[in-house]
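A.B. asks: For the sequence shown, numbering that gives the first Met the number 0 begins at 0 and goes up steadily by one.
Calculated pairs, DSBU-like style, for lysine-lysine (alpha carbon to alpha carbon, straight line, at most 35 Å):
1. K397 <-> K414
2. K397 <-> K566
3. K397 <-> K376
4. K353 <-> K5
5. K109 <-> K65
6. K367 <-> K398
7. K367 <-> K397
8. K298 <-> K99
9. K5 <-> K52
10. K52 <-> K114
11. K454 <-> K397
12. K109 <-> K156
13. K414 <-> K5
14. K52 <-> K65
15. K38 <-> K194
16. K431 <-> K363
17. K30 <-> K52
18. K194 <-> K12
19. K38 <-> K52
20. K398 <-> K414
21. K298 <-> K194
22. K398 <-> K454
23. K99 <-> K431
24. K389 <-> K414
25. K109 <-> K52
26. K52 <-> K189
27. K156 <-> K189
28. K52 <-> K12
29. K353 <-> K566
30. K565 <-> K357
31. K454 <-> K99
32. K114 <-> K189
33. K397 <-> K565
34. K10 <-> K552
35. K353 <-> K376
36. K431 <-> K398
37. K389 <-> K376
38. K109 <-> K30
39. K52 <-> K194
40. K376 <-> K454
Derived by calculation from the structure, the hints in this document are not laboratory data.
What you are looking at is a predicted structure, and each value in this text was computed from that prediction instead of being measured.
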Amino acid sequence: MTRYDKYPEVKVKGYDNCAWQGYDQITAVLKDRLQPSAKNVVVVDCYPGVDVKEVVEGLSELKFDKVIYSDECALQGEALTAAIDAYLTEDRVFGVLTTKNFQDVFRAEKIEEAKVQLEQAEGNVLVCGTGAGLITTGDIYIFADLARWEIQMRYRKGMSNWNVENSDAPILTKYKRGFFVEWRMADRHKVANYKNFDYVLDTNVANEPKLVSGEAFFAGLHETAHRPFRVVPYFDAGVWGGQWMKEVCDLDREAENFAWSFDGVPEENSLYLRYGDVRIEVPSTNVVFYRPQALLGTKVHARFGTEFPIRFDFLDTMGGQNLSLQVHPLTEYIQQTFGMHYTQDESYYILDCKEEAKVYLGVKEGIKPEEMIEDLKSAQRGEMSFDAEKYINTFDVKKHDHFLIPAGTIHCSGKDTMVLEISATPYIFTFKLWDWDRLGLDGLPRPIHIEHGEKVIDWTRTTAWVERELVNPIEQVAEGEGYIEERTGLHEREFIETRRHWFTETVHHTTQGSVNVLNLVEGEEAVVESPTGEFEPFVVHYAETFIIPESVKAYTIRPHGPSVGKKLATIKAYVR
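Put together the whole structure using the sequences plus the hints.
C.D. replies: Laid out in structure tokens, this is it:
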């Protein structure tokens with residue numbers, strides 16, 4: 000029976016009575032805050048994607064005499080698109096990270112009109128919508144937050160991007176607009192208003208809202224940044240997807256496949272905070288924004304700011320197909336082309352595989368780059384199928400192998416392989432070179448980016464170099480009673496260090512001045528503990544990714560429950 004926890008929580012102590020669920024409870028709480036026979040201004044500032052109509056209807060029992068919609072003060076439709084067009088580009092997938100704020104896309108005269116309406120209004124007034132805080136923070140300021148995965152699910156169901164009507168647009172178009180523009184502006188606006196939060200509203204489940212006081216919300220973020228925790232994993236199908244995660248992660252057995260999972264990507268995952276009987280879901284980026292030094296460590300914060308630089312995810316091709324043949328941009332290319340200051344160096348850690356499984360990695364000796372690029376372009380035009388093994392090295396894989404993939408290296412996981420991908424976080428910047436003549440799940444050809452890829456391929460990553468530098472560069476670095484510590488990577492061009500511990504007894508760890516991200520890659524169950532009792536014991540299970548904030552400093556891991564007396568292994572990543 001699987002022990003994998005799909006719903007990990009952080010239980011926040013001391014605030015059991017500071018969270019409420021359902022509009023009946025929420026309106027009752029807010030009603031107690033309203034001053035009778037006086038003007039009361041309630042602000043619900045919404046992250047793009049929050050259902051404003053639902054919120055307004057849900058709070059209708061407060062009997063607002065006037066409702067002001069902040070979205071009407073912003074640019075809309077073609078005017079909004081024109082204002083952000085330079086960041087969207089013509090590419091199907093890639094844009095440029097915007098430097099704009101909401102103030103740049105709201106109309107100053109409309110904001111002033113709204114302020115006049117607010118001044119003239121009497122009784123109870125609701126100001127609601129994205130950017131509502133630009134008009135006023137009111138007497139009660141509520142921020143309605145939304146998880147990015149839920150936003151993507153709403154895109155798939157037909158939701159348009161913010162302030163435009165594009166419900167029928169391809170998912171990639173909607174996601175690009177969100178990732179490169181909307182979410183960046185919204186995060187800046189949210190963080191700037193942290194000081195104003197009276198409450199946080201969770202509307203991730205339609206018509207099942209949860210409310211938490213601002214004090215309790217920030218207490219939860221603070222607690223999270225000082226103890227081990229897991230973010231909420233999510234899973235999705237893909238054209239190449241496999242069957243392994245169905246069993247190990249206890250997923251829908253009737254689904255056709257699950258291709259990948261994010262279980263350690265605060266940029267995308269959400270966080271469950273429990274207050275008594277109420278569980279609140281918020282984007283886990285809130286922890287990064289609120290307590291960056293405690294979470295990341297001083298040196299990592301100095302280098303990356305409020306970005307979480309390490310990503311763990313799953314790629315499941317067990318019973319599936321090859322991934323696309325791909326390459327990631329070099330640092331200078333991602334900086335100059337997309338406005339991102341670091342690139343996606345990564346690695347494949349093999350959690351499991353079948354016989355004859357393999358990975359594609361680097362180019363073969365003596366090939367002609369121009370010939371390979373021409374074959375890729377011919378394949379893209381449908382004139383031929385690309386002969387990957389003519390140009391690209393293949394390596395047989397076995398469980399617990401580790402393949403390093405610094406940016407510029409052509410790579411691909413083959414079928415019948417379960418990969419724990421350990422990488423830097425800017426995951427969206429993947430240049431597909433060849434996709435084995437496949438269509439996507441939407442029935443359209445999957446995006447191919449030879450025009451980008453050919454500019455970043457490192458042609459010196461040939462067979463001998465790859466074998467020497469990237470294939471299982473494993474070395475033992477320490478040994479003690481009941482444990483062995485190995486360095487498994489990453490490459491000298493990559494800022495992430497990875498260590499594997501095999502253990503049957505307690506292993507002592509330090510954070511090395513960096514946030515640590517770990518996965519239990521062998522064994523059923525382990526427990527993470529504080530040598531000084533700073534946090535409660537934290538139990539983890541096979542294949543679960545967990546995060547140790549740098550503020551923890553020292554911690555231990557030992558076999559637990561059914562794994563006592565057995566040999567376990569963790570893989571740990573940190574910024575060196």
